[in-house]
Amino acid sequence: MTGPVTRTADPLEVDRATPAAVAWPRWVAGLCVAFAVTAALVDTACMALRGHLVTEFGVIDHGWPIIPLTEVVSTVMGALVVTRDRRQPIGWLLLVPGVTTTLALALDAYSGWVLLDAGPGPMVVAVVCSWLASFLGAQIPFAANAVILLLAPDGRLIGRTRGLAVVAAVAGCLLWSAPTVLEAAVYAQTEPRPSALGQILFVAGLVLVDAAVLAGVVSLFVRRRREHAVARVQIQWFVVAAVPFAGSIVWLLLTGYVLHWPRSAATHLPLFLAELVFPLAIAVAVLRYRLYDITVVLNRAWLLLGTTAVVGTAYVLLVGTIGGSLPGFWPAVLASAVVACLFQPIRSRIVAVADRLAYGDRLEPYEALAELVRRLGESAGADATLAEIAAAGRRATGAEAVTIELYGESGDPVAVARDGAGPAGSPPAHHLRITDGRTTLGLIRVVPAPGRPLRRRDRVALADLSAQAGLVFRNLRLEAGRQARIEELARIGEQLRASHDRLAAARAEELRRLELTVRERISPTLQRLGEELAALAAAPPSSRNGRWNELSDHIGHCLAALRALSHGVHSDVLDSLGLPAALAARLRQAGSSARLTVSGDLSRRPPSPAVAAAMERCVMQALAAGPRILHIVVGVVDDALEVRLTGPTGTAIPLTIGDVVDSVGGRTVVGEKGWVLHFPVPPAH
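Using my numbering, the first residue of the sequence shown is number 1246, and each one after it goes up by one.
The hints are simulated quantities; they were obtained by calculation from the structure and are not laboratory data. Every value quoted in this text rests on a predicted model; they were computed, and no experiment measured them. Mixed in with the good hints there might be a few duds.
Said to hold, decoys possible - Per label pair, the in silico range of CB-to-CB distance:
id	residue 1	residue 2	range
1	R1508	L1716	36 to 44 Å
2	E1733	A1629	46 to 54 Å
3	A1279	A1629	54 to 62 Å
4	Q1728	R1758	38 to 46 Å
5	G1275	L1361	56 to 64 Å
6	V1299	T1406	52 to 60 Å
7	I1767	A1835	17 to 25 Å
8	D1883	V1915	13 to 21 Å
9	A1779	R1840	42 to 50 Å
10	V1915	G1836	22 to 30 Å
11	L1723	R1849	32 to 40 Å
12	V1914	L1723	31 to 39 Å
13	G1296	A1429	27 to 35 Å
Here a beta-carbon is modelled for each residue, glycine too, at the ideal position from N, C-alpha and C.
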């Protein structure tokens, strides 16, 4: 059950920071762009002075001009995101590879100029630059891209396979970086030739990182089939960034390591172009199709990048130190075990730092909202769900008390939950409506703690809580309406069963009365009538006239008893003189003192025979119930034939009358002094 849900303001859009807080991200972004552009220009100048600017070495081996252009574009895209939204971590994440890679390219160009072409500068500086350029390789950006693809778009690892792919990316980054520390002297050269161990570590790391990238692409296609609307468009742009990147990696592995092609434009140019597409597609996804869950993605990206950097540095330094001072295999194994034992404590610290970088001051409210989403699935019933939402609102804002109200279709509260108890003299509550389109589904009331008014981030958290509760409340209202309908049907069923029981009891009473009347009045009369006929046949003709008169009296009494037994359904008076005369006759027969008033001319709109018989029967049942009926009014009111049975306050009238009225399509209105019976009548002649 879905419907239009009001889009709440993005917390990052609601936040109104001070001018200083807005200015520093722009300064940092501008400095990063300036640094990347300067490094790219230095790289271009060094390659031009070496004479390799447009040579095969410069274009294929060094990557000029595509790689410098790619990293400058990545830096510019990151700067655009940062200047638009200073709290969006993806902007900062796009800035990092632009700065590091352009620096690595400039250092590599300068070191080659000094070491190979006798350029200006000391040899020691050139050697350090060459090693640093090797250390700032492609392993960290490749691993980070793989992890982001695996976590896109909501930052959750669904399934064990994706978790293993993340582990593979981190392990591959570590293995890829290890040779630069273990064999630092070798990688300080312009053309490093690592040992067999270094080559094995490099290839293993490359394979693991590339496998993680491929797993990320598969994960994107799987998630794309399950998502809809905006989320599907977001994933499509991730796919635009990921597919060329993964395809070029596969092509490079196939041509370089399987087919053993020499390094050329055919092997490396697809990867260079794919790297240029990656930041453009990500920037489009962020700037044009806003990623509402991108903070979660980048929270995990910061976490894994930080873990990779810290643990990788510790690993290569420790293993390199022990491996260099203690020859053999087991010292390196011991160093690996030490780093593995230290991984979890380091990871815990990095998790806290990554959460703070991704969420800032919003960390605690959004932890409460995330916990709410997890616990709503375990809640059963409206009361439990409202209690969970109230508790989450209180945790998110630190308020003294939070009250959640659920409104029904009539707009009145049908369920209320409260978490906490505001003390006496609490400040006025903050009210926030929970809406679904233009319909108000409920209300959030927040009583701030004494001396701690609601801050801007608290109001933003409440807005997000209201957005999450909108769909839940709509479901609860539908459930409440369904339950109310079930209860209404149950009441109608009870009324029908009661009506059936009353009709059955009335039918049994009628049969009993019929049997009693036949036995006490009809049977003796018929018996005497038979005796009179036998006596009349045996009497002499001269005496038959007197006996015939007595016989006629007996026959008249028998017919009167039969008419009384019929309850007026076949009343001669009703058929011959009409309804008012029949009701007057019934009042005289019952010896009632009730007044009969007929308003209007019933002859213009006479009731059908079934309705007239039902009206007569209702009057008879009311009179039979007791002498409390004082006034009977019959007339046509608002296109309905109305019968008013009134008496003193508290007059009880048999419920079977309502059953009789319902049987002919009428309705009954119960008042303090009696009933008003409405019967259908045909249109006026």
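Each hint tested on the structure:
With their beta carbons about 55 Å apart, R1508 and L1716 fall outside the hinted range of 36 to 44 Å. Remark: the range hint 46 to 54 Å for E1733 to A1629 is contradicted by a beta-carbon distance near 24 Å. A1279 and A1629 have their C-beta atoms about 56 Å apart, which keeps the hinted 54 to 62 Å range intact. Distance hint for Q1728 and R1758: a CB-CB separation of about 44 Å, consistent with the stated range 38 to 46 Å.
Distance hint for G1275 and L1361: a CB-CB separation of about 35 Å, inconsistent with the stated range 56 to 64 Å. One distance hint, 52 to 60 Å for the beta-carbon pair V1299 and T1406, is violated here, with the actual separation near 45 Å. At roughly 21 Å, the beta-carbon separation of I1767 and A1835 lies within the given 17 to 25 Å, and the hint holds. Taking the beta carbon of each, D1883 and V1915 are about 18 Å apart, inside 13 to 21 Å as hinted.
Remark: the range hint 42 to 50 Å for A1779 to R1840 is upheld by a beta-carbon distance near 49 Å. For V1915 and G1836, the hinted distance range of 22 to 30 Å is satisfied, since their beta carbons lie about 27 Å from each other. Judged by the Cβ atoms, the range 32 to 40 Å given for L1723 and R1849 is violated: they are separated by roughly 50 Å. About 33 Å separates the C-beta atoms of V1914 and L1723, a value consistent with the hinted range of 31 to 39 Å.
Range check, G1296 to A1429: Cβ separation about 29 Å, and the 27 to 35 Å hint holds.
Of the numbered hints listed earlier, those contradicted by the structure are 1, 2, 5, 6 and 11.
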